[in-house]
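Add 1 to the 1-based position in the sequence shown for the working numbering, that's all there is to it.
Treat the hints with care, as some may be off.
Claimed, not checked - Here are the simulated lysine-lysine pairs, BS3-like style, with alpha carbons at most 30 Å apart: (1) Lys47 to Lys92; (2) Lys92 to Lys55; (3) Lys111 to Lys55; (4) Lys7 to Lys57; (5) Lys55 to Lys7; (6) Lys7 to Lys111; (7) Lys92 to Lys42; (8) Lys42 to Lys57; (9) Lys7 to Lys92; (10) Lys42 to Lys111; (11) Lys111 to Lys92; (12) Lys42 to Lys55; (13) Lys111 to Lys47; (14) Lys7 to Lys42; (15) Lys57 to Lys47; (16) Lys111 to Lys57.
Said to hold, decoys possible - Simulated restraints on C-beta separations: (17) Phe49 to His21: 37 to 47 Å; (18) Arg123 to Phe87: 37 to 47 Å; (19) Asp122 to His24: 37 to 47 Å; (20) Ala79 to His119: 16 to 26 Å; (21) Asp52 to His24: 36 to 46 Å; (22) Asp68 to Gly48: 29 to 39 Å.
Hints in this document: simulated from the structure, not taken from any laboratory. All C-beta atoms in this analysis are idealised placements derived from N, C-alpha and C, irrespective of residue type, glycine included.
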Amino acid sequence: MFTCSKTYRDIPFAHRQPAHEGHCQLIHGHNWSFTFTFGCKSLDEKGFVVDFGKLKFIRHWLEGELDHAYVYNQDDEATARLVATFPDQFKPYPVASCSAEGLAKHAYEKVSGMLEEHHGDRVWLLAVEVAEDSRNSARFHP
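I would like the entire structure built from these sequences, with the hints used as guidance.
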């Protein structure tokens, strides 16, 4: 198997961890990065796992959905009320879990489908790593 990775850095968005006992329960932001690892059994005609130039759909998704968004747990009732009260102040993006781990899984699920639409079954997504800063990251691979 061949693998390659593509990293997208400095995607600013906010989140909060409502069950956290410390400061992370407050709304705060990071400049996130996402690293997608791809795999294939045989290289394409150019000798690539995947042509990085043909992955613009990932950047479009990241920038369109997450750039300057407020990403929050879909079961976070306090945030749902806040967003409903001040709809013009937020770019809401509810997910199952807004932890780095949850975002890695969410990005994996979203990008896997997009990758298949754009590239068929020759190349597949192996893993997604999400970092909230240079020290903290989480990785999802099925």
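We went through each hint and held it up to the structure:
no., hint, verdict
1, Lys47 to Lys92, "violated, 40 Å"
2, Lys92 to Lys55, "holds, 27 Å"
3, Lys111 to Lys55, "holds, 17 Å"
4, Lys7 to Lys57, "holds, 11 Å"
5, Lys55 to Lys7, "holds, 11 Å"
6, Lys7 to Lys111, "holds, 16 Å"
7, Lys92 to Lys42, "violated, 40 Å"
8, Lys42 to Lys57, "holds, 23 Å"
9, Lys7 to Lys92, "holds, 26 Å"
10, Lys42 to Lys111, "holds, 22 Å"
11, Lys111 to Lys92, "holds, 19 Å"
12, Lys42 to Lys55, "holds, 19 Å"
13, Lys111 to Lys47, "holds, 26 Å"
14, Lys7 to Lys42, "holds, 18 Å"
15, Lys57 to Lys47, "holds, 18 Å"
16, Lys111 to Lys57, "holds, 14 Å"
17, Phe49 to His21: 37 to 47 Å, "holds, 41 Å"
18, Arg123 to Phe87: 37 to 47 Å, "holds, 46 Å"
19, Asp122 to His24: 37 to 47 Å, "holds, 44 Å"
20, Ala79 to His119: 16 to 26 Å, "violated, 38 Å"
21, Asp52 to His24: 36 to 46 Å, "holds, 42 Å"
22, Asp68 to Gly48: 29 to 39 Å, "holds, 33 Å"
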